[in-house]
Amino acid sequence: MPESDYVTSMKNPSNIIEFDNLQTYFYTDAGTVKAVDGVSFDIPMGKTIGVVGESGCGKSVTSLSLMRLLQGPQGQIAGGQLRYNQISRKRAVDIAKIPIKEMQKIRGNEIAMIFQEPMTTLNPVFTIGSQIDECILMHNPKISRKEVKVHSVEMLKLVGIARAEGIYDSYPHELSGGMRQRVVIAMALSCNPQLIIADEPTTALDVTIQAQILDLLRGLKDKINASIMLITHDLGVVAEMADYVVVMYAGRIVEQGTADDIFNKPMHPYTIGLMKSKPVLNEQVERLYSIPGNVPNPINLPPHCYFKNRCEKCVEICSGVYPELIQVTSTHKVSCYLHAKPDMSKYRVIGGKRL
Amino acid sequence: MNHENILEVRNLVKHFPIKSGILQHTMGQVKAVDGVSFHIKRGETFGLVGESGCGKTTIGRTILRLIEPTSGEAVINGVDIFKMNKRNLRPLRPKIQMIFQDPYSSLDPRMPVGEIIGEAVREHNIVLKSEYRDYIIKVMEDCGLRPYYIDRYPHEFSGGQRQRICIARVLALNPDLIVADEPVSALDVSIQAQVINLMKDLQRDRGLTYLFISHDLSVVEHISDNVGVMYLGSLIEMAPKREIFRAPMHPYTKALLSAVPLPNPNVKMNRILLEGDIPSPANPPAGCKFHTRCPRATQVCRTQAPKFKDYGKNHMAACHLYDQN
Amino acid sequence: MDDIRIRNEKEQDEFEQNQVIMTPGQMVMRRFFRNKLAGFGMGIVIVMILFCFLGPFFSPYGEYEIFYINKQTGEEIDMKDPRIKEAGVIINIKAPLSSSHLFGTDADGRDVLTRIMYGGRISLTVGICVVIVELLVGVTLGGIAGYYGGKIDMIIMRLVEIFYCIPFIPLMLVISAILVGYGISPKYKIFYIMVVLGILNWAGVARMVRGQILSLREMEYMQAAKAAGIRTYKKIFKHLVPNVMPIIIIMATMDIGTTILTESVISYLGVGISFPYASWGNMVNAVTNSIILKNYLNIWMPPGICILLTVLAFNFIGDGLRDAFDPKMKR
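Chains as they are written, first to last, in numbering that gives the first Met the number 0: chain A, 0 to 354; chain B, 0 to 324; chain C, 0 to 330.
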């Protein structure tokens with residue numbers, strides 16, 4: 000494949016990743032599942048972006064598309080661009096089209112991934128040390144064995160492991176869940192990645208261990224120069240970590256903005272409902288707000304807003320076409336008719352109701 | 000026995016033997032639950048909080064006699080169910096029921112919903128045969144399930160609906176006590192709220208009593224009246240909800256509370272970070288079990304286990320810090 | 000606003016009510032029949048069964064009917080015909096393919112096609128009966144081991160291990176020698192072989208069923224049934240059995256194929272089904288003669304192909320069933 004097929008240019012050179020109308024479909028026996036359907040957002044360099052949503056909303060599929068780790072042949076990127084600012088080679092590439100050989104050079108080196116279950120990344124038959132060594136050697140084949148070990152131990156220390164030398168020689172099963180997650184983070188960091196994708200990094204951990212890992216990640220954010228794409232269902236985790244937040248529902252973005260926009264001025268009824276439905280420590284409410292109904296079946300999604308049937312604020316117009324993302328402020332976008340600009344008078348006529 | 004109490008657990012101990020070798024020698028004991036006492040009043044919710052491996056699930060299952068206890072008493076309606084033999088226990092079983100964490104493995108995939116809910120109803124002849132179907136439909140409607148779900152199979156339902164079916168199955172037996180073991184942890188946030196609200200509504204309408212086991216402090220705070228915090232098989236603090244969340248005493252409870260991430264980017268918390276991991280329950284530390292991670296541990300903590308005492312306002316804790324005077 | 004919400008709910012209700020309800024069994028059937036290989040296997044098995052069990056009624060010849068031929072006239076004479084004693088009449092061995100003997104005759108002058116039908120009867124019956132025997136023993140013992148656990152489990156599992164260690168071929172040789180020694184007629188020998196094969200094969204079934212029950216026992220719905228005080232026999236027959244069934248069905252299908260193969264092996268070695276009865280295995284046995292191996296493909300190829308096709312077909316069905324029962328296992 001000639002290079003010209005996948006080399007593109009970034010819209011904004013200060014972004015590391017630009018998702019542009021990404022469509023990832025799964026072709027199953029029962030029909031086509033549009034797991035991600037027209038998702039566009041940017042990850043600026045050195046920033047943390049949080050992708051929030053419930054199970055099945057497409058947040059993990061988005062990251063797997065970015066890593067080109069979709070389960071083929073059912074799962075495929077059906078359209079859109081995934082522009083990656085490959086600084087090491089001073090070019091921008093479209094990950095959706097890049098040959099898999101090129102992708103393997105990026106994967107793990109320039110884009111690293113942290114999974115929910117650390118054992119999926121760690122190989123149980125090798126020591127922690129040899130696995131980190133291998134990671135470093137792959138990226139940097141010229142350095143000597145001794146230097147590699149020094150570097151690996153350094154990495155383990157960076158993620159707050161006190162007995163780094165001891166851990167270097169132990170096997171994954173000898174470590175606790177929190178320790179393993181630290182090791183996985185050390186592995187991810189060992190190649191100086193441009194972007195770290197963390198897919199529910201703390202969901203499998205206990206609260207006190209989660210606090211340790213979050214603290215670690217927050218500390219690392221300043222020490223390393225990488226962007227973080229944090230995928231989680233926990234709004235609390237996002238609030239602590241993220242600079243920008245993307246809220247997804249049934250494969251589409253319903254709202255996006257800075258953490259401040261989303262948490263202090265949420266606009267989409269789904270975002271609002273999600274925040275109200277989680278009990279908050281030391282804030283007593285007699286009854287929790289709950290979003291009625293269930294997430295729609297991902298096969299044969301309706302033509303109207305996917306959230307319509309669960310929405311308390313829905314109006315006549317919501318039965319029309321799926322609402323587009325509306326720019327509310329320079330950073331804040333929402334996909335809801337309630338926030339449509341007042342000059343869209345035609346909607347009033349169709350709806351016959353106050354917007 | 001206090002008549003207000005529906006359940007009194009006294010000094011519950013459960014040790015799992017560690018066996019190895021062909022002849023299954025007992026090599027040691029995992030002290031999953033190590034002398035726990037608490038009681039639950041009729042119509043209230045007792046929240047049991049702790050991290051994985053602290054023994055909270057084991058407590059729930061021993062109370063139901065799904066696991067046989069090593070020693071201790073559990074008095075329900077005046078009878079110690081730990082002393083009963085299996086034959087006498089069977090007719091009492093419907094009175095104590097359990098909601099499980101995983102809504103996928105807790106429903107038999109080869110049974111229609113009506114059968115899942117009604118199986119035990121028929122087993123114990125809870126309603127007349129002629130009223131059976133109406134009764135099941137009534138229970139389903141109470142749990143927010145449509146009556147026409149009765150002939151459908153579990154694979155058609157989402158996690159939240161499955162958990163409603165589990166609740167309906169439990170409710171159909173008119174239990175006195177419901178042990179809910181992480182009933183919402185496997186669900187999405189928006190569905191969690193639905194299930195919690197359902198549980199609260201049912202409690203209000205039917206006067207149910209819950210033993211609510213969870214690792215999620217904010218959920219426990221919302222639903223519970225009294226809360227017990229467990230660490231390595233022991234209760235380390237127990238108090239009415241307001242007390243324990245406003246004025247936690249034990250350093251572990253404090254750390255646990257501060258570890259919960261808040262959905263508000265503007266709040267900067269003073270987090271108490273605990274060092275290290277939970278020790279193995281097969282080999283718990285001597286003295287206070289928490290001293291290996293406690294930021295305020297002293298010499299006495301390493302040697303002497305603190306007593307679980309009442310410090311006023313029904314606030315019980317096990318910590319040497321409050322024992323100096 | 001409220002009316003919209005009510006309408007939304009109604010819409011949802013209507014949508015749900017119009018959904019087709021399928022029982023797990025129906026879903027399995029649908030997935031199974033969508034699988035082309037499994038359908039192909041099913042087709043072969045049905046054709047084989049029809050061919051072997053109905054075929055002989057359309058065949059003019061008997062299973063051990065020997066044909067003679069008059070060398071001079073080339074006229075074929077049946078063995079019941081008195082003319083066989085005439086001069087120049089010899090047994091019509093290794094006859095070439097002809098309209099009266101589609102696959103010719105074998106080294107003893109019997110019609111190959113007819114013997115394939117009768118041999119198939121025996122091979123299929125042996126396959127099915129052996130599987131029934133091994134299921135009876137294996138499911139019972141495996142079920143007991145899995146459900147009760149503890150000491151019983153340990154004893155049964157040690158027994159399973161012992162059965163895994165029995166060298167199969169030498170044992171069959173010994174048993175065959177004993178049967179011959181006691182002068183057991185070939186007719187009853189078939190039954191002994193079925194029982195012996197069944198008893199030797201139960202261990203695998205028992206281990207599988209035990210494993211399945213152990214994992215089912217920990218499922219939360221079993222815990223829920225226990226907590227609700229459901230009687231033991233109901234727990235076993237309403238929860239355990241229906242959930243163990245898929246694995247038993249899959250295993251049974253696969254094992255029919257394997258048993259047919261085993262039966263052919265022992266018959267080929269001459270310790271299984273013996274003269275005058277036909278089985279696919281002892282028909283292939285003819286290849287031990289190198290002249291037949293080289294020059295008379297029509298004698299040993301057809302039964303060989305039958306074995307191959309039938310075993311393959313049962314394996315396809317087994318695979319198809321497994322994918323249908325548990326679509327997640329499919330890669």
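These are calculated hints, taken from the structure and not from any lab test.
Cβ coordinates follow ideal geometry from the N, Cα and C atoms, glycine included.
Treat each hint with caution, since some may be false.
[Said to hold, decoys possible] Below, computed lysine-lysine pairings styled on BS3-like, alpha-carbon distance capped at 27 Å: (1) B:Lys128 x A:Lys275; (2) B:Lys137 x C:Lys233; (3) A:Lys220 x A:Lys89; (4) A:Lys156 x A:Lys222; (5) B:Lys128 x C:Lys233; (6) B:Lys137 x A:Lys275; (7) B:Lys85 x C:Lys188; (8) C:Lys93 x C:Lys79; (9) A:Lys156 x A:Lys100; (10) B:Lys40 x C:Lys79; (11) C:Lys9 x B:Lys137; (12) C:Lys225 x B:Lys128; (13) B:Lys85 x C:Lys233; (14) A:Lys46 x B:Lys312; (15) C:Lys93 x B:Lys137.
[To be verified] Just some of the chain B residues that point at chain A, by a computed CB distance under 7 Å: (16) Ser51; (17) Leu91; (18) Ile136; (19) Ser157; (20) Asp187; (21) Val188; (22) Ala192; (23) Ile195; (24) His221; (25) Ala258; (26) Val259; (27) Leu261; (28) Asn263.
[To be verified] Cβ-Cβ distance ranges computed for the label pairs, FRET-style: (29) B:Met83 x C:Ile161: 27 to 35 Å; (30) B:Arg205 x C:Phe162: 13 to 21 Å; (31) B:Gly34 x C:Met244: 50 to 58 Å; (32) A:Asp221 x B:Met26: 44 to 52 Å; (33) C:Phe14 x A:Leu280: 35 to 43 Å; (34) A:Arg217 x B:Thr25: 50 to 58 Å; (35) A:Ile142 x C:Phe162: 55 to 63 Å; (36) C:Ile20 x B:Thr25: 50 to 58 Å; (37) A:Gln70 x B:Ser70: 44 to 52 Å.
Checklist entry - So which hints don't hold here, by number, going up? => result As far as the earlier hints go, 1, 6, 7, 9, 10, 14, 15, 17, 18, 29, 30, 31 and 34 are violated by this structure, in ascending order.
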